[in-house]
Amino acid sequence: MIRVQREDFDPGAELAALTEGDHGVGGACVFVGLVRDLAGEGRIAAMTLEHYPGMTEKELARIDAEAQERWPLRSTLIIHRYGRLEPGERIVFVGTTSAHRQAAFDACQFLIDWLKTKAPFWKLEETAEGEHWVEAKDSDDAAADRWQGQGGG
Amino acid sequence: MIRVQREDFDPGAELAALTEGDHGVGGACVFVGLVRDLAGEGRIAAMTLEHYPGMTEKELARIDAEAQERWPLRSTLIIHRYGRLEPGERIVFVGTTSAHRQAAFDACQFLIDWLKTKAPFWKLEETAEGEHWVEAKDSDDAAADRWQGQGGG
Amino acid sequence: MKVLYFAWLREKIGTAEEDLPLPPGVTDVQGLLDWLRARGGGHAEALADPNLVRVAVNQTYVGADHPLGDGDEVALFPPVTGG
Amino acid sequence: MKVLYFAWLREKIGTAEEDLPLPPGVTDVQGLLDWLRARGGGHAEALADPNLVRVAVNQTYVGADHPLGDGDEVALFPPVTGG
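Chains as they are written, first to last, in my numbering: chain S, 37 to 189; chain Y, 37 to 189; chain U, 3 to 85; chain W, 3 to 85.
Chain S extracted, bound-state conformation (with noise of 0.2 Å):
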């Protein structure tokens, strides 16, 4: 299931839902990120995430099929919110269960790892020194493409 929203989430009622009732899960992953106040240089005051309204619920769609396709997954959830936060607050969760601890790792892992280089999300950065817009790091595109034709468990 995938979300997008501007509003904060409860990652303690999200996981308690995903398990909820399902007798079969014997592991959940969860993963939350997290508005950090530093940055590399500068001290960041607040961010705001832009996104594609249509493309982004698509995108997240694609990626959450494509995990339940590569692992035998019991539920999954992605939250991505948008709009302007501030440090500490929640910009994402993925949550996934599973039967065995190793798929809820690789699928949540897997999910989050898609999730920074295809959802279409870019953050701007406001820090003392002015805005400025994120660049994309060489090391998501590595973590993602080490999911390349690689399957599931």
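Derived by calculation from the structure, the hints in this document are not laboratory data. Among the hints, erroneous ones may be present.
Each computed EDC-like pair below joins lysine to aspartate or glutamate, with the alpha-carbon atoms no more than 16 Å apart [as the list claims (entries may be wrong)]: (1) K94(Y) with E75(W); (2) K94(S) with E75(U); (3) K14(W) with E167(Y); (4) K14(U) with E167(S).
Go by the hints and put chains Y, U and W onto chain S.
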């Protein structure tokens, strides 16, 4: 931090506490292990987790310290329950936070892999056919072995 | 055809969206990028480095040889930085 | 010396804990395992397969050549299955 307890825990509250007030956290990774009602052939009515009080705390603290040494973590929490648990109940919580997502993911996976092969817990399953002790899995040894000699990032 | 711009491409070009007829002679994404660059100004500046331009047609990533039709929604944007 | 047993080792041996003087001639873990096995019955059965016996001395994993003293807490148990 580590906790060994009979009582249940609240994953959402624990996750919130791991990131609370620390704006240096960029990512939090949480794994929750639950009692499945199916394990191979028989239906599981419940399981009882026996442990070695004293050594359990010592081993978990050692594993926790090892993770903190290998990865640049902001906070960690391991909770492991003991006693009788029914399907759907939570067994274990592993939470890690870091400035960067990869460190949080790797450390979380390392902790659960090591915990599975080092922490002195034993599962007694109750099925329709009677009670039996769960056998250790080679796949768990293999999962733990991959961290040998492998540093953090 | 609708052309959308995001993030710093949007800022350099100075608009989030343009409605254009399919320019004469343009049959694919590469043709459109060349045509937009040839308009000069913000368009030329924003699209100067092809390595920094991603393209989606009808909300799906495509390559430079993807064909274009008059009813398409084309989006141009820098490498994504969400998550 | 205190000797603790866990899980099915405990069940086969029939007790969770024994207080023993360090047996004569026993200087290390291997010596203790051999001595316990020689007692026969549940001990011999529980400790029959060395691949299924893990040993901790004073709550730390040790190998078969670890030296033993009279005040030690020795724990014998099967491979762990927590998590």
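Against the structure, the hints:
1. K94(Y) with E75(W): Distance ~14 Å between K94(Y) and E75(W) Cα, so the pair holds.
2. K94(S) with E75(U): Holds, at roughly 14 Å.
3. K14(W) with E167(Y): Holds, at about 14 Å.
4. K14(U) with E167(S): 14 Å, holds
Consistency with the previously given hints is maintained throughout, with no hint failing.
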